[in-house]
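Going down the list, the protein sequences come from chains G and D.
According to our numbering, the first sequence is numbered sequentially starting from -10.
According to our numbering, the second sequence is numbered sequentially starting from -10.
All clues given are correct.
You can't tell identical chains apart in this list, so a pair holds if it fits in one copy or across any two.
Mimicking DSS-like on lysine-lysine, the simulated pairs with C-alpha atoms at most 25 angstroms apart in a straight line are:
1) K380 with K346
2) K243 with K220
3) K380 with K285
4) K369 with K346
5) K369 with K345
6) K139 with K243
7) K63 with K87
Note that these hints are calculated values from the structure, not bench results.
The primary structure of each chain is shown beneath.
There are 2 protein chains.
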Amino acid sequence: MINELPPKLLKPTFFEPQMAFLSLTKLMNKKFLAILFTALVSIGARAQQNTGFRPGSIISPQVNEGNTVTFRLKAPVAKFVTVKGDWEADGGKGAMTKDANGVWSFTTGGLPSDMYLYTFNVDSVQLLDPTNAFVVRDVGNLFSVFFTNKGNGDYYSVKEVPHGSVSRSWYTSATFNTSRRMTVYTPPGYEESKTSYPVLYLLHGSGGDEEAWVSLGAVPRIMDNLIAEGKAEPMIVVMPNGNPSKQAAPGETKENLAYRPVMSNTLPGYKEGSYELSFKEIVDFVDKRYRTQAKKSKRAVAGLSMGGFHSLFISANHPDMFDYIGLFSPGINFKTVNMTIPAYNNLEEKLALQMKKGFQLYWMGVGTTDGLYDPLQDYKKRLDHLRFPYKYVESTRGHIWSNWRSYLLQFTPLLFKK
Amino acid sequence: MINELPPKLLKPTFFEPQMAFLSLTKLMNKKFLAILFTALVSIGARAQQNTGFRPGSIISPQVNEGNTVTFRLKAPVAKFVTVKGDWEADGGKGAMTKDANGVWSFTTGGLPSDMYLYTFNVDSVQLLDPTNAFVVRDVGNLFSVFFTNKGNGDYYSVKEVPHGSVSRSWYTSATFNTSRRMTVYTPPGYEESKTSYPVLYLLHGSGGDEEAWVSLGAVPRIMDNLIAEGKAEPMIVVMPNGNPSKQAAPGETKENLAYRPVMSNTLPGYKEGSYELSFKEIVDFVDKRYRTQAKKSKRAVAGLSMGGFHSLFISANHPDMFDYIGLFSPGINFKTVNMTIPAYNNLEEKLALQMKKGFQLYWMGVGTTDGLYDPLQDYKKRLDHLRFPYKYVESTRGHIWSNWRSYLLQFTPLLFKK
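Please take these sequences and the hints and turn them into a complete structure.
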């Protein structure tokens, strides 16, 4: 049942300073020839598992004064090397130049303070920065990560402030007849206190899952830092998986590697309403498991892109549940959705009821170059027609994590003030 | 304080099917020329952030019948491409061959069922498999991951069984005068039950931190699967950070990117005894925060390499604390340690007292090709001399995660049976 691996040729292993010392003392004893032989055999065969790791001399990325950033990659044989990132200065990419040691480098212009993702491309093969241990996944791509400081990026970085806990937990969904995964941030002091906390439900987009707001959205750091500065109330942040046909993020389901990450709109259950109509399952689970202030005035729901669409319809269908609603670049082009199904039909009536029952904040943000800019303008007109109150924020740029992190920085300080 | 990014050229963005539809309807309206112009400008400049992601047609890795594994990489310009992994069949590496489409491939021999790490090398540049979204970090290197089944690998994979929760939490250390991070696995049903649980403290090696046993050690899956089969008692597994000079794993401290991962033996506090002597801080925190069975008969401590060294001296210095001790390839070459300091001195006396006070299991395992094989034989002689009872397991291979995961599979079913 629990297998052992088959026997193989003995190989000596040198991997810590004391081991080198040990091997020297061994040279004097009777095992000398056997060790020398197997050492020679093992050269080039396989190092012990990453033991003896030492970081190389190449520093990349290097954030300079003024938030210019220098990238370096050793690739002596390569013909053409570029770096590509999600900044706009330099068009987000740069052709690197090679020095006499085969090290390619490129320095950006000054970058606004933010969290950035990037990859290298060597002779048309994309790769991460091998000298940067920090990586995030976005849908099915991996990216190297860095921060620039003196601005938003400071909120996305770890500071010396009290840290909340981050938990991956499973809840049982009667609607989907399975267990499903969520990520939950509890604020610093949660476990020691007897206090009950308000809850922000924070929903991912169609490229995401219950990991996205943590890795790409920097939620634990944003919350730690805003709470430490007194800018946001201590709150629980619940990040559920919003793909009805998936229990959890790629790699966290029984499909293992066979679950190749895709966009939600290629999955069953996409914008079919079951997630929105069953959201009370999640709220009930959270209210049972955590010390929450289980009432409308202490609940918020917000999401990006598809999660903005979800937030709109979750709140519209549950007018007694949330006093704070946030739509970040919401994916609300209703022309592509079956608006006759129960979750989405009679929207004007639902909004009228939501307005009548009241709420504290209906916050909407979008970038001026976002392809979803126009649908949000259409939605604003519908709200205006209903005299439905909202706060609207326009930012630069498009459908990007830089905007969603920034919206979260703006949104959370407005929550639970009453 | 919370900055906005500077305004930039408007760029239209097409990233979901409904957006393509939207853009077509737009072609008929007055914005036609402006959109066409900016669309042309944006071509090749920067895609919207990973939206519209579709997995490519290349499948890699592909686990075949008989656990042979095929790797594929598109690199049409490359001269020489290899794959290198932590298996022994094929020497752990293979030269890949290119087909007419510029796709390089290599198929291993049949691999024992396990979790494997690998990288590609393209013209002397190391990279992850760009078609594999699953990655782990070991010290400062990233590796792509896969599983082979019908054996140990089944325990390292996600199965359709109840899942425990995994939490990253911070505790306050009076000894180190700071907050420190730990990862905690609570078994399925923990939150719903009123039961108290036994606790396994599981310690990392000198290449690791509080993430290592989760990512490289597959602890949540091993525990879920063993518990589901009734092979292990439901238990809490606590994985603290064992580097006294570091609060947390790389990227989780205020040093952010400046904390380049290194081996523990290059950090202050390495084998200076403060961690071992202050371990009660961690136990007290866990007993306070979690529903534990706070007694010796329901506590275990185990660790790999440096963590095995830690486990030896934590248990020897706290003879009333643990009934189960596990030393996995322990880093116990005492010649390289200052054995006169309080944590490490009088070892024979401490072991004699530990034996007198009693325990259920003292488990030791090592690979026959591990550089730490001989020091463990020396330690066994000392234990024999004291008539100190232990269970000793020898495996093939060396100082590798394959062994540590396998030892955990063997060790946990022996715990808390009384």
